[in-house]
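The residues making up each chain are set out below.
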Amino acid sequence: MAHALREKAAISGVGETAYTRGTPKSGLALQLEASLAAIADAGLDPRDIDGVVPYFPGGGIAEDFVANLGLPDLKLSVFVPMGGATCVAAIQTAAMAVATGVCKHVLISVGRTGYSGARVSTRLQQFPQFALAAEFEAPIGMFAPAQLYAQGARRHMQLYGTTARHFAEIAVVTREHAILNGNVVMNKPLGVEEHHASRMISDPFRLFDCSLESDGGAAIIVSAADRARDLKKPLVTIMGVAEGHPESPASIAQRPDLLEFGLAKAAPRAYDMAGVGPKDIDVAEIYDCFTFTVINQLEMLGFCKKGEGGPFIMDGRIRVGGELPINTHGGLLSQGHVVGLNHVVELTRQLRREAGKAQVKDAEVGLVTGYGDMGDGSVAILRRAA
Amino acid sequence: MNAPAPERPLPTPTRESQPFWDGMREGRFMVQHCAGCGKARHYPRPVCPHCFSMESTFKEMPTGGVIHTWTVCHHPFNFFFKASAPYVVALVDMDGGVRVNAPLRGVTEADIKIGQRVKLGFEPVTKEITLPFFVAD
Chain Z
1 MAHALREKAA ISGVGETAYT RGTPKSGLAL QLEASLAAIA DAGLDPRDID
51 GVVPYFPGGG IAEDFVANLG LPDLKLSVFV PMGGATCVAA IQTAAMAVAT
101 GVCKHVLISV GRTGYSGARV STRLQQFPQF ALAAEFEAPI GMFAPAQLYA
151 QGARRHMQLY GTTARHFAEI AVVTREHAIL NGNVVMNKPL GVEEHHASRM
201 ISDPFRLFDC SLESDGGAAI IVSAADRARD LKKPLVTIMG VAEGHPESPA
251 SIAQRPDLLE FGLAKAAPRA YDMAGVGPKD IDVAEIYDCF TFTVINQLEM
301 LGFCKKGEGG PFIMDGRIRV GGELPINTHG GLLSQGHVVG LNHVVELTRQ
351 LRREAGKAQV KDAEVGLVTG YGDMGDGSVA ILRRAA
Chain P
1 MNAPAPERPL PTPTRESQPF WDGMREGRFM VQHCAGCGKA RHYPRPVCPH
51 CFSMESTFKE MPTGGVIHTW TVCHHPFNFF FKASAPYVVA LVDMDGGVRV
101 NAPLRGVTEA DIKIGQRVKL GFEPVTKEIT LPFFVAD
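Note that the protein sequences, when read in sequence, are chains Z and P.
Each step along the first sequence adds one to the number in UniProt numbering, with nothing skipped, and position 177 is 177.
Each step along the second sequence adds one to the number in UniProt numbering, with nothing skipped, and position 68 is 68.
By construction, these hints were calculated from the structure, which means they are not laboratory data.
Note that the coordinates shown come from a computational prediction; the quantities given were computed from them, not determined experimentally.
A hint or two may mislead.
What the hints assert, rightly or not - DSS-like mimics (lysine-lysine), calculated; alpha carbons at most 27 Å apart, straight line:
1) Z/K233 / Z/K104
2) Z/K265 / Z/K233
3) Z/K306 / P/K113
4) P/K113 / Z/K305
5) Z/K8 / Z/K233
6) P/K39 / Z/K265
7) P/K39 / P/K59
8) Z/K8 / Z/K104
9) Z/K279 / Z/K265
Unchecked claim - Derived coverage of chain Z by chain P (criterion: at least 3 residues anywhere in the stretch with Cβ under 8 Å from a Cβ of chain P; other residues may be distant):
10) 129–138
11) 153–159
12) 175–186
13) 193–203
14) 246–257
Glycine included, each C-beta is placed from N, C-alpha and C at the ideal position.
Go ahead and model the full structure; you've got the sequences and the hints to work with.
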């Protein structure tokens with residue numbers, strides 16, 4: 001029997017601000033600007049929104065949405081504190097809310113002043129999930145995800161022979177896709193040599209292995225599928241969605257396998273709910289806080305075996321026009337860092353055939369992931385149902 | 001006018017972790033063990049995830065271990081570490097069964113290998129706090 005949530009909810013609206021380095025706007029203003037764009041995209045009125053999942057900590061809470069958008073009857077206010085896995089995990093929460101009739105239209109939004117506001121090592125101190133890292137890792141000089149995740153990347157290289165050339169392939173192809181998109185922070189071509197020559201941040205991560213500190217906002221609306229069918233845009237349904245939490249969730253150091261995290265648990269559940277497998281995926285937007293993270297996730301998603309992610313992404317396979325186009329918008333590495341909600345926006349546009357020069361031909365089924373907060377994972381599988 | 005020297009980030013021991021930090025100050029590597037099933041757990045926490053006992057004791061464990069993986073921190077992310085960058089941080093499988101992340105000293109980057117034996121050292125940084133580091137064993 002099909003899972004009770006399969007295709008019961010849809011992404012009915014998507015919106016973004018410009019992605020920049022530098023903005024006079026607050027994180028809240030960016031969230032609201034993107035939210036209004038998503039509401040207009042769906043053909044809804046702001047007062048139709050009756051559930052909100054703002055990004056936390058990100059400068060906006062449910063009260064701000066009621067006050068700014070004049071929401072007359074908000075029925076659901078939730079935070080999903082999963083770092084980079086937040087946005088896709090929030091789709092699961094929203095889908096449950098609209099499928100059960102608790103809400104009609106749930107707004108998920110992110111606004112971030114990662115360039116003009118507080119930088120990463122300061123921002124993370126706001127997360128209660130980082131308390132262990134603050135006590136045991138920061139005093140010995142490990143503060144940022146670039147440092148904490150680097151140890152897993154190094155181990156993958158030592159065990160499986162993954163190389164900087166593999167990392168560079170992710171960076172270079174993602175940049176090519178960003179240039180096709182246009183609304184991006186990084187709009188000049190990047191070569192393999194330039195990647196290799198960029199300064200070391202935390203070995204094995206060089207500058208161009210790391211995602212951007214940028215300013216911007218994104219938003220999506222999740223509606224019941226039968227309601228979304230009557231809205232403005234082609235119907236994109238949520239076939240499967242899941243979140244997963246790893247062992248030792250707040251400390252990477254104590255995790256039995258540094259290369260096995262929440263996504264390994266979430267992926268089989270999402271495929272099962274969707275009734276499809278890796279071979280059915282036409283386009284994938286993979287959370288790219290680091291180049292290596294994409295390689296590691298492709299393994300956990302079953303696109304290739306553990307340890308084979310490096311060779312898998314080579315030879316044009318992940319380019320638009322290739323067998324499995326990845327991060328067709330430029331991702332967090334080249335478009336902008338809005339905690340991966342831009343990945344959901346892009347996948348929705350791909351399936352609506354609104355992706356412009358980066359359009360993957362005949363895209364019917366796509367996959368998007370979230371990853372963060374020391375190894376939480378989330379994944380959604382969407383389908384063009386129009 | 002000179003800017004004040006950046007302060008070293010220090011741990012704030014909790015009710016759960018205080019015995020670990022007390023041990024470090026005394027030059028002893030103390031690991032929490034469940035009083036019910038005997039399993040070691042690190043970092044310290046109130047309940048054993050295996051048998052759910054809330055009783056525990058801290059036992060002194062051997063300071064040897066093998067490198068699980070490492071990173072070399074070039075960009076310091078915190079001004080205090082600017083002077084010491086680049087520095088190696090090794091994640092070590094301790095002989096007693098838990099892992100410790102700490103700076104690895106006196107080893108050339110090119111010579112680091114998974115499985116290499118190292119030994120935990122104790123570096124007092126304040127009257128209260130002693131931090132771990134590793135050297136080749």
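How the hints compare with the structure:
no.	hint	in the structure
1	Z/K233 / Z/K104	holds, 17 Å
2	Z/K265 / Z/K233	violated, 33 Å
3	Z/K306 / P/K113	holds, 21 Å
4	P/K113 / Z/K305	holds, 24 Å
5	Z/K8 / Z/K233	holds, 17 Å
6	P/K39 / Z/K265	holds, 25 Å
7	P/K39 / P/K59	holds, 11 Å
8	Z/K8 / Z/K104	holds, 12 Å
9	Z/K279 / Z/K265	holds, 19 Å
10	129–138	holds (count 6)
11	153–159	holds (count 4)
12	175–186	violated (count 0)
13	193–203	holds (count 5)
14	246–257	holds (count 3)
Hint check: violations occur at hints 2 and 12; the rest are consistent with the structure.
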